[in-house]
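Participant: Residues per chain are reported as follows:
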Amino acid sequence: SAVISQKPSRDICQRGTSLTIQCQVDSQVTMMFWYRQQPGQSLTLIATANQGSEATYESGFVIDKFPISRPNLTFSTLTVSNMSPEDSSIYLCSVGDGRGQEGYTFGSGTRLTVV
Amino acid sequence: GEDVEQSLFLSVREGDSSVINCTYTDSSSTYLYWYKQEPGAGLQLLTYIFSNMDMKQDQRLTVLLNKKDKHLSLRIADTQTGDSAIYFCAERNTDKLIFGTGTRLQVFP
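If you're matching them up, the sequences are chains A and B in order. If you want our numbering, it's the 1-based position in the first sequence plus 22. If you want our numbering, it's the 1-based position in the second sequence plus 69.
Hints were generated in silico from the structure; no laboratory data involved. Don't take each hint at face value.
[Said to hold, decoys possible] Heads up, incomplete: computed chain A residues facing chain B, CB under 7 Å, no partners named: (1) 53; (2) 64; (3) 125; (4) 130; (5) 131.
Please read all numbers here as calculations on a predicted model, not as lab measurements. Cβ atoms here follow ideal geometry from the backbone N, Cα and C, with glycine treated the same way.
Chain A with its partners taken away, still in its complex shape:
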């Protein structure tokens, strides 16, 4: 399965600022996703990162708040913009080959604290 490098692993940010999280994969992958895991909660899908085009956002998430880039099949970024304490969460990158039976691989996550 693919190996994911996600950076940074954690950060403490001031409210009103933005943070960009990087997801680098060691092989070309069809599918890339970004998830949010709020404290003590399950994972919620933010968006599907599409190579060469705009990301597909889930209900409740918008591009202005969470702009996503995916310039190629091995790399994606998620930016958390104009942060507030409610954005404190773990953000996870996930990749898959689209065939399903191998499941989706997750990065180790970025633990974000907004103060």
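Given chain A's structure and the hints, the job is docking chain B onto it.
Facilitator: Leaving out everything else, chain B in the frame of chain A:
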């Protein structure tokens, strides 16, 4: 809707079997997965089952799927302290994974 429900907590004695349950609502799901999350770590895929199967065994893990009742379970045989973690079931809806609420498994000596 796409709600995937799990019980919040499970506590078992070391050496006993653990059974973690999951109910889902999307009958069109093609694959169902079990993931493990240890404290401060990402998600580790444990096993999966295709929707036309009713059972899958993988070493200490047994997955049972009741498609009629939309019920999925994960049985861990001979549970060890290293199995203590949060377990998430997930259903695949087209290309997206919808995660359950998570079950915290605590194993005591």
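Participant: Using Cβ atoms only, decide whether residue 130/A comes closer than 7 Å to chain B, and label the hint accordingly.
Facilitator: Since the shortest Cβ distance to chain B is 4 Å, the answer is holds.
Participant: Mind checking the CB of residue 64/A against every CB in chain B and telling me if the closest is under 7 Å?
Facilitator: holds (5 Å)
Participant: Measuring from the C-beta of residue 53/A to each C-beta in chain B, is the shortest one below 7 Å?
Facilitator: Residue 53/A check passes; min Cβ-Cβ to chain B is 6 Å, inside 7 Å.
Participant: With 7 Å as the cut and Cβ atoms as the points, is residue 125/A at the interface with chain B?
Facilitator: Holds: closest Cβ of chain B sits about 4 Å from residue 125/A, inside 7 Å.
Participant: Please check whether residue 131/A passes as an interface residue: C-beta within 7 Å of a C-beta belonging to chain B.
Facilitator: With a minimum Cβ separation of about 5 Å from chain B (threshold 7 Å), the hint on residue 131/A holds.
Consistency note: the structure conflicts with none of the earlier hints.
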